[in-house]
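With the hints in hand, could you dock these two chains into one complex?
What follows is the residue order along each chain.
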Amino acid sequence: MSPFVPSDEALVAGLAAGDSGAARLLVGRYQSRLYGLAFGVLQDRSAAEDVAQEAFVRAWRHAGAYDARRGSVAGWLLRITRNLAIDALRLRRADVIDPDQLATLDLVSSTRSVEDVAVTSDETARVRSALSVLPAEQSRAVLLAAFYGRTAEEISRSEAIPLGTAKTRIRLGLRKVRAHLADFAATEAEA
Amino acid sequence: MTCAELHEVADELALDVLPGDVRALALQHLDDCPSCRALVEGLSETADELLFAPGGIEPPPGFEERVLARIAAEPTTLGRPRRRGPLLAAAAAIIVAALLGVGALALRPGSHRAPAASAELSERHVQLVTASGTAVGDVSAYAGRQAWFFMRVDRGVPSGTYGCVLDVSGGRTVRLGTLTVSAGKGAWGEDLTVPASDVRDARLVSPGGTTIATAVFH
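Listed in order, the protein sequences are those of chains A and B. Note that the numbering used here numbers the first sequence so that position 131 is 133, with each residue one more than the last. Note that the numbering used here numbers the second sequence so that position 11 is 12, with each residue one more than the last.
Just chain B, same shape as in the assembly (with noise of 0.2 Å):
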């Protein structure tokens, strides 16, 4: 398929109705073709904003609790693959996300998950800020049954790969993995293998062991 081609058919793959056959051909181009990748993103951009136009509706009674029951009847993440690579591979992204879980390892195999209270969650939210005082981003702990930290940069930080440092109680300072920036953005995650209450401050540092900017939670 050429780029011609492909430009024919871009509205209907960003609408998802593009017949198979073709569909398949448009694919492969767009794995060749970034112009083209990018105008299709765009569009499938446009088509999923489309999606908003019927508005809410608020459902019929009882409906959160009935779809929390079907999701507390589902495997355990024990019994399921954890799939974070889009996730992490996500954080070079403009838009951002992160996290993790540990809580679920006291899950036993087979055991089935209570939906938690929301009054059980408890999260912590402070800015990354730099030696001189300039917020660059963010990071947060989320300390309910299952712990997720997340870091952010939405600006700031030259492009290039930092490490994210926690210090914990105790003095101690663990290194839990690497953020990269692009065009000022990045979001980094990692399992939080201490409490999120021990937690002093989330550090980004440079390769050189600098430190670019300090989270402080206590």
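Bound conformation, chain A alone (with noise of 0.2 Å):
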């Protein structure tokens, strides 16, 4: 008899059914992720915990309401965060917030400590590195969308470029992006 390793479906499938032991191992498998996911869109330590555990507790509410068909457990979760994050984002609308700063490139590299960072995992990688062969406009526009819900529009107000431009890149960045996650699954797939 193999050892018994729920899948994130089965963990999810307990939070449904109420099982607090489901919760305990689903919140030790994903907490860095999501604490991680957070602290990036938010750069705070104390905000970044609060939409981490409001996240959890929403997919413990939720989860009867997760749809496999609609993506993995992970995603699911990390979009609960990312909305969150982002709501925690526009509550401090009256902080002055920096759009180079909002559209830095940190959360996904460079200025975080090495102790922070305890998860490089291989999907992380794969990410990064379809990201990094994107020019810059582009890459700049679909993670202004992606991780602060920039619309298009608020993304030519503050890139100062027609809104069709703005269309036009996060379309081709995040289609590029795709292209590459796919070639990288292909050349596993291959290994």
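Keep in mind that the hints were calculated from the coordinates and are not lab data. Among the hints, erroneous ones may be present.
What the hints assert, rightly or not - Simulated coverage check for chain B against chain A, where a stretch passes if three residues somewhere in it have a Cβ under 8 Å from a Cβ of chain A:
(1) 13-24
(2) 57-64
(3) 163-176
Using N, Cα and C, we set each Cβ at its ideal position, and we do this for glycine too.
Here's what the structure looks like:
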């Protein structure tokens, strides 16, 4: 009999059934990712903890609505976290938020200390690699939309570019990332 | 909204940054257009993958306990609707899941859950094997304060709807539900109405009652 490692989907099913043991396993499995994403967006440890905590509570409440056909558990949890982090950013709208700072790629590399980055998974490496080959303006547009919830119109304003250009940068950037990730997947399948 | 118009906004929709009015039109279009739906699903998958970019950072000490304390303070299962529809619907999907729980019924209405220690959990996980010895999937029983039980088929079974049967201690047979296999894959979940430790084996059976594959627990 092989050791049993519950799948992510099984753990979410456990949450839907009200199993706090499943919740403990899921929190242990994803806490660094969710906190890492929240910190990446908010750049504030306290706010990041609040967001990551709330993301798990939301997952607990809404586990029954999780639909595996619409994406992975990891993606579902990260999207919950991302949306909460964006909400938290909007609440701080009164703060001066430098668009340049928001759009920096800090959240995908450089300024974190080595000890901060506890988990650099294969997925992280693949996505960073895919982003790194984009023209800077496309990467910036994609990151502004993906991590900060900026609409094309908002990007148009903050980047001082026509709306059509903002839309094009988002479209081309996301599709190039998709193509690169598909290439990675095909290469791995061949290996 | 036409397909061409949808393609213009598909990426923003996938990134969840499309303004509400256009978003509503786009979603309406997707309801009736499988090809555009597939496009947006693919782009949404990429949008989700982007969120892996920051990588992980260990949260402050005590984070896990604080989360679990908040969860424990949430209303019990008895206080909220059980919405297993999407999970069960997902049984026909490539990605598997399933699930259940009877232990929560032991909780008193209004009581709060206490976090269960992982050590309290026990599990069994065995392959689902045909009479000729070919593995076609697996079955797992997870018996904590709440028991889960799920069956997964991931290869070698023709598309169709199959019965899921448990043989339990004492010679009883319990027919619990059906599993739909599509493109070789499917999964099934249903409330386990017997103690997980009593399950002798789980069988996948054809509509005519023929056993297709068995997972032997004891």
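For this session: Enumerate the violated hints, using their earlier numbering and listing them in ascending order.
Result: 3
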